[in-house]
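Those sequence lines, one after another, are chains A and B. Letter 97 of the first sequence, counting from 1, is numbered 97 in the numbering used here, and no numbers are missing. Letter 22 of the second sequence, counting from 1, is numbered 22 in the numbering used here, and no numbers are missing.
Read the hints as simulated data drawn from the structure, not as lab findings. This structure is a prediction, so every number in the text was calculated from the model and none was measured. We put the CB at the ideal spot given by N, CA and C, even for glycine. Please note that the accuracy of each hint is not assured.
What the hints assert, rightly or not - Here are the simulated SDA-like cross-link-like pairs (lysine to any residue), alpha carbons at most 20 Å apart as the crow flies:
(1) B:Lys42 <-> A:Gly52
(2) B:Lys42 <-> A:Asn24
(3) B:Lys42 <-> A:Gly41
(4) B:Lys57 <-> A:Asn24
(5) B:Lys42 <-> A:Glu15
(6) B:Lys42 <-> A:Gln78
(7) B:Lys42 <-> A:Leu46
(8) B:Lys42 <-> A:Pro39
(9) B:Lys42 <-> A:Leu106
(10) A:Lys101 <-> B:Glu18
Said to hold, decoys possible - Partial selection, computed: residues in chain B whose CB lies under 7 Å from chain A:
(11) Gly40
(12) Val43
(13) Phe45
(14) Glu53
(15) Glu56
(16) Phe65
(17) Met89
(18) Thr99
(19) Gly105
What the hints assert, rightly or not - Where chain B lies over chain A, by a calculated footprint (3+ residues, C-beta under 8 Å):
(20) 27 to 37
(21) 45 to 56
(22) 80 to 90
(23) 99 to 107
Below, each chain spelled out in residue letters.
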Amino acid sequence: GIQVEQSPPDLILQEGANSTLRCNFSDSVNNLQWFHQNPWGQLINLFYIPSGTKQNGRLSATTVATERYSLLYISSSQTTDSGVYFCAAPNSGYSTLTFGKGTMLLVSP
Amino acid sequence: EPEVTQTPSHQVTQMGQEVILRCVPISNHLYFYWYRQILGQKVEFLVSFYNNEISEKSEIFDDQFSVERPDGSNFTLKIRSTKLEDSAMYFCASSRDETQYFGPGTRLLVL
């Protein structure tokens, strides 16, 4: 099945700083999702982005499908951005998602 | 905006007991999934369900697990005889197309 790797594993930022999280995947995909897991354990959908760039407020994501990676940008980080960020890709079509190990982000005031 | 809901939010059970985790997927979705996340680890796929039958399952989904869609709205995961290692967060997800929407999870603790 598909392999999904995320980097960095951990990231500490001062409030207001920008960051880039990376997700590499081993096979061609027709779906790539980014999630934020908050301190209560809930998985929040951030982006569905099989290719191209999307923006939602201070967050944006870019997937370069031909090079098998996706980037999540967080600008002007806030303490509420803290948590674990996961990317996930399907093995095929409407199939199950394979998750990366996540990037744990801590934004300090 | 429609959401996937899960009940209970937390459950504590004794080893060997049966538990049923409940999910209400988004109403016009056709594909349903269960995933689990052991504390501190990544989210792992358990099973997918489409057209009233299992479409895929992982190695984790052994004979102690079963899924059911008993009516038009609920989707359940049953663990027949819980083990200590079943302690985890269990997520239900549903989709109509490629995008999967996750519920808030049920945190299961087996003592």
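Status of the hints after comparison with the structure:
The straight-line distance between the Cα atoms of Lys42 (chain B) and Gly52 (chain A) is roughly 26 Å, outside the 20 Å bound, and the hint therefore fails. Proposed proximity of Lys42 (chain B) and Asn24 (chain A) is supported: the alpha carbons are some 16 Å apart, at most 20 Å. Taken as a hint, the Lys42 (chain B) and Gly41 (chain A) pair is honoured in the structure, with Cα atoms around 12 Å apart against an allowance of 20 Å. For the hint pairing Lys57 (chain B) with Asn24 (chain A), the CA-to-CA distance comes to about 24 Å; that exceeds 20 Å, so the pair is violated.
Between Lys42 (chain B) and Glu15 (chain A) the CA atoms are separated by roughly 26 Å; this puts the pair beyond 20 Å, and the hint is violated. Distance check on the hinted pair: Lys42 (chain B) and Gln78 (chain A) sit about 24 Å apart at the alpha-carbon level, beyond 20 Å; violated. For the hint linking Lys42 (chain B) to Leu46 (chain A), the alpha-carbon distance of about 17 Å falls within 20 Å, and the restraint holds. Of the supplied pair hints, the one linking Lys42 (chain B) and Pro39 (chain A) holds, its CA atoms being roughly 15 Å apart against a limit of 20 Å.
Between Lys42 (chain B) and Leu106 (chain A) the CA atoms are separated by roughly 18 Å; this keeps the pair inside 20 Å, and the hint holds. Proposed proximity of Lys101 (chain A) and Glu18 (chain B) is contradicted: the alpha carbons are some 30 Å apart, above 20 Å. Residue-level restraint check for Gly40 (chain B) is violated (minimum Cβ-Cβ distance to chain A is 10 Å; threshold 7 Å). Checking Val43 (chain B) against chain A: minimum C-beta separation of about 4 Å stays under 7 Å; hint holds.
Against a cut-off of 7 Å between C-beta atoms, the interface hint on Phe45 (chain B) holds, since the closest Cβ of chain A lies about 4 Å away. Look at Glu53 (chain B): its Cβ only gets to about 15 Å from chain A, farther than 7 Å, so that hint breaks. For Glu56 (chain B), the interface hint holds, since its Cβ comes within 7 Å of a Cβ in chain A; the closest pair sits about 6 Å apart. Taken as an interface hint, Phe65 (chain B) does not check out: its beta carbon lies about 15 Å from the nearest beta carbon of chain A, beyond 7 Å.
Annotation: Met89 (chain B) was flagged as interfacial toward chain A, and the flag holds, the nearest CB pair being 5 Å apart, inside 7 Å. Residue-level restraint check for Thr99 (chain B) holds (minimum Cβ-Cβ distance to chain A is 4 Å; threshold 7 Å). Annotation: Gly105 (chain B) was flagged as interfacial toward chain A, and the flag holds, the nearest CB pair being 6 Å apart, inside 7 Å. Note: the stretch 27 to 37 of chain A has 4 residues with beta-carbon separation from chain B under 8 Å; the three-residue rule is met and the coverage holds.
Given a C-beta distance limit of less than 8 Å, the hint that chain B covers the stretch 45 to 56 of chain A holds, as 3 residues qualify and 3 suffice. Counting residues of the stretch 80 to 90 of chain A whose CB lies closer than 8 Å to any CB of chain B gives 3, so the stated coverage by that chain holds, three being the minimum. Taking a C-beta to C-beta cut-off of 8 Å, the stretch 99 to 107 of chain A contributes 4 residues in contact with chain B, enough for the three needed, and the coverage statement holds.
Comparing the model with each earlier hint shows violations of hints 1, 4, 5, 6, 10, 11, 14 and 16; every other hint is respected.
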